[in-house]
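Asker: Residue-level listing of the chains:
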Amino acid sequence: MTTISSAAEQPTAAVVAPPAGRPDVNRKKLARLGWLFSAPALIFVAAVTIFPILYSIVMSLRNVQVSGGGIKMTGITGANYSAVIHSSVWRYALGFTILYTVVTVLVELVLGTVIALVLERLTAGRGWMMALLLIPWSMITVINAEVWAYIYQPTYGVLQAIFQAVGLGHPDVLGTPTPAIIGMMVADIWKTTPFVAIIVLAGLVMLPGDVYEAAEIDGASGWYTFWHVTLPLLRPTLALAVMFRVLQAFGLFDLPFVLTNGGPGTSTTSLAVLGYQAMFKNLDFGGGAAVASTTALLVLIGCLISLRTFRVQVGKENT
Amino acid sequence: MATVSMDQVNKVYPNGFHAVHDLSLEVADGEFMVLVGPSGCGKTTALRMVAGLEDISSGIMRIGGREVNDLSPKERDIAMVFQNYALYPHMTVAENIGFALKLRKLPKDKLDAKVKETAEILGLTEWLNRKPGQLSGGQRQRVAMGRAIVREPSVFLMDEPLSNLDAKLRVQMRAEVSRIQRRIGVATVYVTHDQIEAMTMGDRVAVMRAGVLQQCDNPQVLYDRPDNIFVAAFIGSPAMNLYEGTVGDGGRSVRLGSQQIDLPGAVTVAHSGLASYAGKTVVVGLRPEHLPAAQAGLTGPVLTGDVDLVEALGSELVIHFTIDAKRVVAEGAHAADAEAATISGEGVARVDPRTPAKAGDRLNFAIDTDGIQFFDPDSGAAIWT
Amino acid sequence: MRNRKRTGWHRFINGVNISTFLVALFIGLPLYWLIASSFKTPVNIGVDPPQYFPDPLSLSNYKSAFVDYDFGIYFRNSLIVTLIATALVLFLGTLAGYALGRLPMRGKFPMLVALLMISVFPEIALIAPLYILLEHLHWLDSFQALIIPDTAFNVPFAIWILRNYMLGIPKEMEETGRIDGASPLRTVWSIILPQALPGIFTAGIFCFTACWTEFLMALTFNSSNNFRTIPVGVSLFGTIDITPFAQIFAAAVIATVPIGILVFIFRKFVISGLTSGAVKG
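Each protein sequence line maps, in turn, to chains A, B and C.
Taken in order, the first sequence gives residues 30 to 348; the numbers are from this note's numbering.
Taken in order, the second sequence gives residues 760 to 1144; the numbers are from this note's numbering.
Taken in order, the third sequence gives residues -1 to 279; the numbers are from this note's numbering.
With the rest of the complex left out, here is chain A (with noise of 0.2 Å):
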């Protein structure tokens, strides 16, 4: 078989040098566009977020007195950092910070997935299943945070009842150290779980059913196809909610801040209610800037590591 282009003399559709065309006016149009509808949003953004989060960076770096009439700077020092990274507290918050979204983000993602997967099958009243798992996501955290304070109330709490009937004596739940931590992840998990099962079952439900057929007639078992089929091809949905989890669970304020208020002790203090109470309790706004800013730094860090593990889906989207 012999291939023949016609016309040799004529050149093909390859890459070629751009000769001098005109330049392409219509792109330029829609673009200037762009930027002009864009514009608002944008500067807007940066206003309120990157001056301030270089004005942090700064402020971690001097020496930051309150007075009555504000606050003044002074010098570039070290001194905030080199204070924080030798502070046991600090050290401590990170420990906890770091537990705790390892092992929220695990237990969200197990339960909520397994949740997903028993609704997938639900046949009759799946609508209203959805609506209320989207319930504890919508829930002003504080008004959680509420309701689980009174759940665990050592005095008059329904927990302590419960284990008083079955004879385990009275838990101060929130008052000792090792509960407080568990009780609050118990709170963040019953808020949370909920949405990683819708965006699981979304996943699920939008996954190509031939593949199940395809997989049946392999003669693949139940639990070979979710771990070989199901799971594969929501890596990417999994992967992006666990990303969104990760970096949101490390900001952890609000649960602490009205359950525990950072106690009993430190053991619940997370590096945001630590940078909190350094800024707005000990006026010490150089020293919550160099919390603030390690903790921007870790979290910065994880986008940016999620980000290059993730590529692929995000790039995807641009094209």
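Just so you know, these hints were derived from the structure itself, not from any lab.
Mixed in with the good hints, there may be bad ones.
[Said to hold, decoys possible] Each computed SDA-like pair below joins lysine to any residue, with the alpha-carbon atoms no more than 20 Å apart:
#1 Lys58(A) x Glu834(B)
#2 Lys101(A) x Lys310(A)
#3 Lys58(A) x Trp187(C)
#4 Lys927(B) x Leu894(B)
#5 Lys266(C) x Thr152(A)
#6 Lys310(A) x Ser221(C)
#7 Lys867(B) x Thr851(B)
#8 Lys833(B) x Ser181(C)
#9 Lys890(B) x Ser181(C)
#10 Lys106(C) x Asp953(B)
#11 Lys833(B) x Glu170(C)
#12 Lys106(C) x His257(A)
#13 Lys101(A) x Leu312(A)
#14 Lys1085(B) x Glu1070(B)
#15 Lys57(A) x Leu214(C)
#16 Lys57(A) x Ser222(C)
#17 Lys106(C) x Leu62(A)
#18 Lys169(C) x Tyr772(B)
#19 Lys266(C) x Arg155(A)
#20 Lys58(A) x Gly105(C)
#21 Lys310(A) x Ser222(C)
#22 Lys927(B) x Lys890(B)
#23 Lys861(B) x Leu214(C)
#24 Lys266(C) x Val234(A)
#25 Lys106(C) x Ala75(A)
#26 Lys861(B) x Ile819(B)
#27 Lys106(C) x Ile72(A)
#28 Lys864(B) x Pro182(C)
#29 Lys266(C) x Leu191(C)
#30 Lys1085(B) x Thr1005(B)
#31 Lys61(C) x Ile252(C)
#32 Lys57(A) x Ser181(C)
#33 Lys310(A) x Leu214(C)
#34 Lys310(A) x Leu191(C)
#35 Lys1085(B) x Glu1105(B)
Remember, predicted model here, so these are calculated numbers, not experimental data.
Model the placement of chains B and C on the given structure of chain A, informed by the hints.
Answerer: The following block gives chains B and C in isolation, referenced to the frame of chain A:
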């Protein structure tokens, strides 16, 4: 009412891709011009340059004699029908058709009258209050047409408007689009990758490949006298059989594999250029209908092939056969799959349905030598005088 | 599902339905506890063992939340801040989402990644400089102290959601508009916007939820009672020693109802938003 004229028009994208190369084309007033070619040949880019949706890198584009290079789409007084119709899903059929007129601030009563009139032409009257989502594919296509013709543009542009329809509806709409175009009598540029659409609809057809215009003429000329091997292979279905052949002394015969075909005098005169190829290789083109089964007592040139497959279409038999000559594929004229499926030496013939032929037979085909074509194997250009 | 014919109520007893019931219980019980407790009298709310069903059913907490704890002020403030911020976010986000989704801008992808990062940036890192800035402007204890940052923090996510919706609209829609002679603004308004409505609903409900539940900034920037929002107000009910759970729960139920209704009505959009590529809790 206007003409469209392209003078050495080029399109080079910022990334260096040269999509349209020195395209010169004249569309007369009222003419139905079809741009056809395989995907990526630059036909849609050319159309979008007429519309003003794509900048012209160099060359001059004129509509009605006026240079329009720097005019925006709305200043060019054109209407366009898109492949996916681009109907506004939130507007009713009437609102869709009337949108452009509304933008021109036409008074309400006039607008309604025009929309009604257009709907009547297209048989859409009873659907005017429906949303596009409630219509069938053919009706949507009609709405898209209506939206274009209601404006009475001076040029009508269509970008593969029928390719989203199923095969049967496509045939029906083909006739209808032609009918409407004749009725409004506006110069039309119609882009398609389907050569049957091009042949059936176009007053003239411009065949493009890789950004370059190959040939522009009326459909019958394209079919009978293709300028080059690409046009020959692209136009016609089933496609022309192309074989490597060796030209005999004085261009009076050609050898396909082991078979010698003597060319009658009329053919050698028409293709006198063949003489200079004596002893050399050319590409020989034979359309399937130029290979009827040989009747007993035939005297003219004959091609003998081994039958691989017989497809009965009722009106005729399509016979796939093999000869021992080398098959030639014109690059880009067919989809890659079709090219891959072409077996060396395979050919196709269309014969009388009563021909007794079955797979495995050896069959003689009478060669209708008037239809035989020759091409230079290097340049691909047709060999005539 | 393997269909073994069962009769009567037995056919409702299967693994899926039992698991669903357990899930509903897991989510529903704390909700029940919240609602039930809001109807207990202030005395009954503190008895041990607790009342599993409020007896007598009392509405006094609801009245008390408004009369004794200024819940009306907080509710109004939350509504003002949330509605204005949501409107601003939708306005800015729709324009930018359209541009970043559909117009050929150089460098828009880095821009989108930057926005994504800002949308997950921890509030705690911004709170001090914003506080100082607002103090300079004498804007502490005001609505704009919350509306402006709320808007800025929610615009990036709204842009992502809207961009993803805009990407799904065929480009021929705009081209038809251009050929028909519509101006760019007209094209966005009459052609793109109506088709992007589901995305706008989605972005709106996410933004509403985020602003309605926002706590840290509201706590820090507005210390005057007249400008407190629901989360801050509720967290400060009572004194150091006494937590008035009864009134808190009454307030909580009222605060959860509007968002609950919104989320229920627009659940289709919420779910599509959660799965539209950019996901945020």
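Asker: Hint by hint, note whether the structure agrees.
Answerer: Now the hints, each set against the structure:
Distance hint between Lys58(A) and Glu834(B) is fulfilled; the C-alpha atoms sit about 16 Å from each other, no more than 20 Å. For the given pair, Lys101(A) sits about 18 Å from Lys310(A) by alpha-carbon distance, which is consistent with the 20 Å threshold. Only pairs whose Cα atoms come within 20 Å are accepted, and Lys58(A) paired with Trp187(C) is accepted, the gap being roughly 19 Å. The hinted pair formed by Lys927(B) and Leu894(B) meets the criterion: a straight-line CA distance of about 17 Å does not exceed 20 Å.
Straight-line distance between C-alpha atoms of Lys266(C) and Thr152(A) comes to about 18 Å, which keeps the hinted pair within the 20 Å bound. Distance check on the hinted pair: Lys310(A) and Ser221(C) sit about 14 Å apart at the alpha-carbon level, within 20 Å; holds. Between the alpha carbons of Lys867(B) and Thr851(B) the distance comes to roughly 16 Å, so the proposed pair stays at or under 20 Å and holds. Between the alpha carbons of Lys833(B) and Ser181(C) the distance comes to roughly 10 Å, so the proposed pair stays at or under 20 Å and holds.
Only pairs whose Cα atoms come within 20 Å are accepted, and Lys890(B) paired with Ser181(C) is rejected, the gap being roughly 24 Å. A distance of roughly 37 Å separates the Cα atoms of Lys106(C) and Asp953(B); the hinted pair therefore is violated under the 20 Å criterion. Taking the CA atoms of Lys833(B) and Glu170(C), the gap is about 15 Å. The hint holds against a cut of 20 Å. For the suggested pair Lys106(C) and His257(A), the alpha carbons sit about 36 Å apart, so the restraint of at most 20 Å is broken.
Restraint check for Lys101(A) and Leu312(A): the C-alpha separation of about 12 Å stays at or below 20 Å, so the hint holds. With a CA separation close to 23 Å, the supplied pair Lys1085(B) and Glu1070(B) exceeds the 20 Å bound. Note on Lys57(A) and Leu214(C): the hinted pairing is violated, with a Cα-Cα distance of about 43 Å set against a maximum of 20 Å. A C-alpha spacing of about 50 Å is found between Lys57(A) and Ser222(C), which places the hinted pair above 20 Å, so the restraint is violated.
Restraint check for Lys106(C) and Leu62(A): the C-alpha separation of about 13 Å stays at or below 20 Å, so the hint holds. A hinted pair counts as satisfied when its Cα atoms are at most 20 Å apart, and Lys169(C) with Tyr772(B) qualifies at roughly 18 Å. With a CA separation close to 12 Å, the supplied pair Lys266(C) and Arg155(A) stays within the 20 Å bound. Distance restraint check for Lys58(A) and Gly105(C): the Cα-Cα separation of roughly 16 Å lies within the 20 Å cut-off, and the hinted pair is therefore satisfied.
Of the supplied pair hints, the one linking Lys310(A) and Ser222(C) holds, its CA atoms being roughly 17 Å apart against a limit of 20 Å. Between Lys927(B) and Lys890(B) the CA atoms are separated by roughly 24 Å; this puts the pair beyond 20 Å, and the hint is violated. With a C-alpha separation of about 50 Å, the suggested pair Lys861(B) and Leu214(C) falls outside the 20 Å cut-off, and the hint is violated. Between Lys266(C) and Val234(A) the alpha-carbon distance is near 14 Å, which keeps this suggested pair within the 20 Å criterion.
Simply put, Lys106(C) and Ala75(A) have alpha-carbon atoms about 15 Å apart, close enough for the 20 Å limit, and the pair holds. Taken as a hint, the Lys861(B) and Ile819(B) pair is broken in the structure, with Cα atoms around 32 Å apart against an allowance of 20 Å. A C-alpha spacing of about 14 Å is found between Lys106(C) and Ile72(A), which places the hinted pair at or below 20 Å, so the restraint holds. Taking the CA atoms of Lys864(B) and Pro182(C), the gap is near 17 Å; set against the 20 Å cutoff, the hint holds.
For the suggested pair Lys266(C) and Leu191(C), the alpha carbons sit about 19 Å apart, so the restraint of at most 20 Å is met. Simply put, Lys1085(B) and Thr1005(B) have alpha-carbon atoms about 11 Å apart, close enough for the 20 Å limit, and the pair holds. Between Lys61(C) and Ile252(C), the direct Cα distance comes to roughly 11 Å. Compliance with the 20 Å bound is thereby established for this hinted pair. This hinted pair checks out: Lys57(A) and Ser181(C) have alpha carbons roughly 16 Å apart, not beyond 20 Å.
At most 20 Å may separate the alpha-carbon atoms for a hinted pair to count; Lys310(A) and Leu214(C) meet this at roughly 14 Å. Between Lys310(A) and Leu191(C), the direct Cα distance comes to roughly 47 Å. Violation of the 20 Å bound is thereby established for this hinted pair. Only pairs whose Cα atoms come within 20 Å are accepted, and Lys1085(B) paired with Glu1105(B) is accepted, the gap being roughly 9 Å.
Hints 9, 10, 12, 14, 15, 16, 22, 23, 26, 34 from the earlier list are contradicted by this structure; the remaining hints agree with it.
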